[in-house]
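Just so you know, the protein sequences line up as chains P and B, in that order.
In this text, residue positions in the first sequence follow our numbering: the first is 1, and each later residue adds one.
In this text, residue positions in the second sequence follow our numbering: the first is 1, and each later residue adds one.
Hints are computed from structural coordinates only; laboratory data are not their basis.
Do not take every clue at face value.
No distinction is drawn between identical chains; accordingly, a pair holds when it is met within one copy or between any pair of copies.
SDA-like mimics (lysine to any residue), calculated; alpha carbons at most 25 Å apart, straight line [stated by the list, open to error]: (1) 66 / 139; (2) 23 / 196; (3) 146 / 208; (4) 66 / 37; (5) 66 / 90; (6) 66 / 135; (7) 66 / 195; (8) 146 / 185; (9) 146 / 120; (10) 146 / 205; (11) 146 / 210.
Spelled out from the first residue to the last, the chains are:
Protein chains: 2
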Amino acid sequence: MSLRHALLALLDAGAMTGYELAKQFDVSVAYLWHAPHSQIYPELRRMEADGLIEAEALPRGERGTKRAYSLTVAGAAELMRWVAETETSPPVRDPAYLKATYYEYGSFDQARRQFREHRDHHRAIMEHWQRHIARLQRRDTPLLQKRLSLAPAAAHEAIVAYKVHAYEGLVERARAEVAWAERGLSLIDRLEHNSAVPPDAPATLPQVLTGGTE
Amino acid sequence: MSLRHALLALLDAGAMTGYELAKQFDVSVAYLWHAPHSQIYPELRRMEADGLIEAEALPRGERGTKRAYSLTVAGAAELMRWVAETETSPPVRDPAYLKATYYEYGSFDQARRQFREHRDHHRAIMEHWQRHIARLQRRDTPLLQKRLSLAPAAAHEAIVAYKVHAYEGLVERARAEVAWAERGLSLIDRLEHNSAVPPDAPATLPQVLTGGTE
DNA sequence: TTACTCATGTAAGTAGTTACATGATTCC
DNA sequence: GGAATCATGTAACTACTTACATGAGTAA
Chain P
1 MSLRHALLAL
11 LDAGAMTGYE
21 LAKQFDVSVA
31 YLWHAPHSQI
41 YPELRRMEAD
51 GLIEAEALPR
61 GERGTKRAYS
71 LTVAGAAELM
81 RWVAETETSP
91 PVRDPAYLKA
101 TYYEYGSFDQ
111 ARRQFREHRD
121 HHRAIMEHWQ
131 RHIARLQRRD
141 TPLLQKRLSL
151 APAAAHEAIV
161 AYKVHAYEGL
171 VERARAEVAW
181 AERGLSLIDR
191 LEHNSAVPPD
201 APATLPQVLT
211 GGTE
Chain B
1 MSLRHALLAL
11 LDAGAMTGYE
21 LAKQFDVSVA
31 YLWHAPHSQI
41 YPELRRMEAD
51 GLIEAEALPR
61 GERGTKRAYS
71 LTVAGAAELM
81 RWVAETETSP
91 PVRDPAYLKA
101 TYYEYGSFDQ
111 ARRQFREHRD
121 HHRAIMEHWQ
131 RHIARLQRRD
141 TPLLQKRLSL
151 APAAAHEAIV
161 AYKVHAYEGL
171 VERARAEVAW
181 AERGLSLIDR
191 LEHNSAVPPD
201 APATLPQVLT
211 GGTE
């Protein structure tokens with residue numbers, strides 16, 4: 001249930017509406033924890049019901065109201081409890097690697113296309129994270145500044161360092177994915193070179209299709 | 001919906017019962033795609049309803065029956081369609097990295113404990129994968145042997161190479177996780193050295209807890 | 001006879017996805 | 001007047017988790 005804790009952490013930087021929280025998920029937390037607004041609004045209601053946050057109704061325009069949420073003491077305690085608790089790794093479930101295990105049912109060209117997309121995707125998010133790290137080190141994201149302004153000066157180094165360390169880990173991970181995809185592309189070149197199979201034909205077919213029945 | 005495709009791929013190696021499929025998830029596919037039997041049985045029923053697999057009722061003991069599933073032509077086609085289709089990366093959702101971003105709400109000791117567990121976990125699964133790679137290279141897992149016996153000799157190299165490549169990628173990934181955790185441990189040593197905060201006290205508290213209101 | 005493995009499920013709940021829906025405000 | 005953005009939801013669905021449940025066969 002990390003969505004809940006991501007929201008608690010965001011709210012410690014200051015009261016926010018559901019909309020603003022959803023925005024933060026798109027900019028700062030994005031690529032680290034994804035959540036659409038359709039998941040955020042009901043979760044905020046549940047958290048309010050559980051006493052972890054409280055809402056203040058603010059006017060918007062002439063008629064409308066918006067609800068700004070802030071942490072309660074119970075919410076702050078829950079945040080600290082979560083941070084202290086050791087995280088058990090979720091079970092592995094990786095669609096790209098699973099599929100890569102069965103590329104023999106596809107052609108060289110198809111496998112190549114997938115490795116290229118994998119490489120490009122991870123390159124792109126790696127650059128995103130690197131830019132984020134640079135901003136964190138310059139301490140110039142709005143959220144980080146708010147957080148630092150509320151924390152004792154003695155804690156500033158740790159606050160920044162933990163975030164930089166996490167994003168650096170993600171960059172390393174993305175780098176590993178890019179390298180994996182590139183090794184995959186070389187592998188295909190090698191296999192293709194040793195093979196009489198044309199580049200657009202599968203290496204093998206599922207058993208039921210080889211009987212020549214129909 | 002990769003569970004479905006993992007099952008299709010397993011069934012191409014030969015007809016299996018739900019129980020045997022669940023076992024395969026625990027040995028060969030495990031640590032690559034996790035699925036409990038409570039998810040497998042109903043999925044098999046749905047796949048049968050969709051015409052991707054068909055069941056043969058076999059006697060077991062005096063009274064009971066078991067159902068051995070095998071691929072239909074439609075199932076084989078679906079397997080090939082899935083392999084050809086490019087996989088879009090699932091949105092990032094990593095509880096360990098998310099939490100690592102907020103370690104300032106915990107003590108040095110707590111952060112250290114988490115990095116140690118992270119390192120130990122990934123070391124363990126790395127060794128598991130490495131053993132699996134060795135078995136694949138020796139071509140001595142039952143599933144691989146069955147698969148090779150059904151495929152043309154020209155495809156054998158690719159079948160083994162794709163699997164080895166996928167598991168090698170997972171090993172590299174685990175290695176990156178271990179390195180990340182170890183850098184995390186050094187970071188904590190460094191922060192602790194520069195800090196007056198005792199090792200069992202949080203670096204900072206959520207805002208609502210600092211007012212002195214209790 | 002006890003324990004283990006084989007074998008197959010259900011049921012209740014949580015988390016996340018995708019799509020639909022509505023209306024206000026602000027800027028051009 | 002129209003488009004973008006602010007703002008807040010619901011509804012239906014799929015995927016996955018955790019726990020409960022049952023019974024048969026087999027080897028010590």
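Comparing the hints with the structure gives:
no.	hint	result
1	66 / 139	neither (30 Å within a copy, 63 Å between copies)
2	23 / 196	neither (53 Å within a copy, 36 Å between copies)
3	146 / 208	between (62 Å within a copy, 14 Å between copies)
4	66 / 37	within (15 Å within a copy, 45 Å between copies)
5	66 / 90	neither (36 Å within a copy, 32 Å between copies)
6	66 / 135	neither (30 Å within a copy, 60 Å between copies)
7	66 / 195	neither (64 Å within a copy, 42 Å between copies)
8	146 / 185	neither (45 Å within a copy, 27 Å between copies)
9	146 / 120	neither (34 Å within a copy, 35 Å between copies)
10	146 / 205	between (58 Å within a copy, 14 Å between copies)
11	146 / 210	between (64 Å within a copy, 15 Å between copies)
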